[in-house]
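Sequential numbering from 0 applies to the sequence shown in numbering that gives the first Met the number 0.
Rather than coming from a laboratory, the hints here were simulated on the basis of the structure.
Here a beta-carbon is modelled for each residue, glycine too, at the ideal position from N, C-alpha and C.
Treat the hints with caution; some may be incorrect.
Claimed, not checked - List of simulated lysine to any residue pairs, SDA-like, C-alpha gap at most 25 Å: (1) K208 / V84; (2) K208 / P162; (3) K132 / T41; (4) K132 / G113; (5) K132 / T272; (6) K132 / L180; (7) K208 / L182; (8) K132 / A238; (9) K132 / A276; (10) K208 / V187; (11) K208 / V122; (12) K208 / V40; (13) K132 / S112; (14) K208 / M226; (15) K132 / V274; (16) K208 / S198; (17) K132 / L119; (18) K132 / R176; (19) K132 / F77; (20) K208 / T272; (21) K132 / V84; (22) K132 / T48; (23) K132 / V81; (24) K208 / D106; (25) K208 / N297; (26) K132 / V39; (27) K132 / A37; (28) K132 / L210; (29) K208 / M281.
Claimed, not checked - Pairwise CB distance ranges, derived in the manner of DEER restraints: (30) V115 / V143: 29 to 37 Å; (31) R26 / V227: 12 to 20 Å; (32) V227 / D173: 17 to 25 Å; (33) K132 / L98: 15 to 23 Å; (34) A246 / E219: 31 to 39 Å; (35) G140 / P304: 35 to 43 Å; (36) R105 / M226: 36 to 44 Å; (37) R295 / I190: 16 to 24 Å.
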Amino acid sequence: MCRSGGRAVASRPVSGTRRLTPDAYRRVTLGAVIALSAIVVTGGAVRLTGSGLGCPDWPTCTGHRIVAAWSLHPMIEFTNRVITVAVTAAVVAAVVGALVRRPRRRDLVWLSSGLVAGVLAQVVLGGLTVLYKLDPPWVMGHFVLSFAVLADAVVLHHRAGRPVTRARPVVSRDLVRLGWLVLATVGVVVILGTAVTGSGPHSGDIHAKRLPFHFQGVAELHSSVVMVLIGLTIATLFALHHARAPADVQRRARIVLGVIAAQAAIGYTQYFTRVPAYLVAMHLAGATALWIAVLRYNLGLFVHPAPAPASLAEIAPDERAPEVLAGT
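Construct the entire structure; sequences and hints are all you get.
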């Protein structure tokens with residue numbers, strides 16, 4: 000507030016640029032998480048319908064034709080490419096939002112910029128995957144990169160709802176390390192899952208190559224690591240209960256175990272029913288949900304204390320929240 004002629008006048012931001020509140024920006028980051036999750040599932044639909052080479056060229060669909068011909072496989076692949084544009088828009092919104100958010104935070108700007116770099120890399124890798132006729136290593140790399148970008152989005156969404164203070168663990172170091180081990184094991188399970196798909200019947204096109212592995216052997220290795228993951232997660236739940244960890248941390252761990260159990264049920268069912276496409280699609284969506292759940296569990300092992308009031312004086316005026324500026 001300031002006074003002019005004895006009247007109180009509300010302070011106004013000097014800059015005419017639009018500003019985004021922290022709550023509004025967190026909703027923007029949630030949109031990025033949803034969009035990046037959706038593109039994983041739609042990309043799987045391309046493979047499961049045999050539409051991976053429905054558009055055999057890149058960046059056009061066929062020759063000089065940008066829009067796909069009106070037939071099933073080209074339209075499925077073309078639709079997936081259009082969704083990629085929507086994902087790009089969500090990611091750009093996250094970056095712009097980080098720049099106009101007040102107070103602006105450097106960590107959010109960097110994390111959102113990582114989304115742009117990741118999506119650009121996905122576009123390039125996706126084009127190479129098409130040009131190399133869905134060669135399994137390229138497809139696997141594209142999938143793993145998708146999960147890496149999704150991890151960035153999940154961390155961004157988490158950090159957008161926390162103060163910009165140093166994180167401190169709410170559990171012991173051993174439990175933090177156990178959380179990292181569970182996360183790493185999920186990563187191994189995901190990579191082995193891509194190898195199972197690369198060795199199985201759903202190549203994305205009838206002419207696409209397959210990995211030179213025995214499908215049953217790769218599937219059994221994948222399921223063995225899943226059993227290890229289940230054991231680690233159950234041990235984590237017991238350790239959290241014994242340590243009287245915060246209720247929210249235990250709840251997140253139970254969610255991880257629940258998603259793993261559902262994934263295991265779907266995985267075994269699809270294996271013994273000769274890998275039907277609809278179950279593979281459900282398994283892919285479940286893998287995405289598991290990745291998000293285990294990331295959220297590990298992020299929940301830390302808290303960011305609210306900054307002390309005295310620290311506001313150390314923040315530059317244009318970095319403060321509008322409500323702080325109005326009160327000075």
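Within 25 Å, alpha carbon to alpha carbon, are K132 and F77? Answer holds: K132 to F77 is near 16 Å, not above 25 Å.
Pair hint outcome, K208 versus P162 [Cα-Cα no greater than 25 Å]: Distance ~49 Å between K208 and P162 Cα, so the pair is violated.
Given the hinted pair K132 and S112, is their alpha-carbon gap at most 25 Å? 30 Å, violated
Need the status of pair K208, T272: alpha-carbon distance at most 25 Å? Holds: K208 and T272 sit about 23 Å apart, inside 25 Å.
Quick check on a hinted range of 12 to 20 Å for R26 and V227, using CB atoms only. Violated - the Cβ-Cβ distance for R26 and V227, about 37 Å, lies outside 12 to 20 Å.
Holds or violated: 15 to 23 Å for the Cβ distance of K132 and L98? At 40 Å between Cβs, range violated.
Run the distance test for K208 versus M281: straight-line Cα separation, threshold 25 Å. 24 Å, holds
For a C-alpha distance cap of 25 Å, please report whether K208 and V122 respect it. 22 Å, holds
Could you see if the CB distance from G140 to P304 stays within 35 to 43 Å? Since the Cβ atoms of G140 and P304 sit about 40 Å apart, the hinted range of 35 to 43 Å holds.
Is K132 within 25 Å of V81, Cα to Cα? Holds - the C-alpha atoms of V81 and K132 are around 20 Å apart, at most 25 Å.
With the threshold set at 25 Å, check whether the alpha-carbon distance from K132 to T272 stays at or below it. Distance ~28 Å between K132 and T272 Cα, so the pair is violated.
Taking only the CA atoms, is the gap from K208 to V84 under or equal to 25 Å? Violated - the C-alpha atoms of V84 and K208 are around 28 Å apart, more than 25 Å.
Hint violations for this structure: numbers 1, 2, 4, 5, 6, 7, 8, 13, 14, 18, 24, 25, 30, 31, 33, all remaining hints satisfied.
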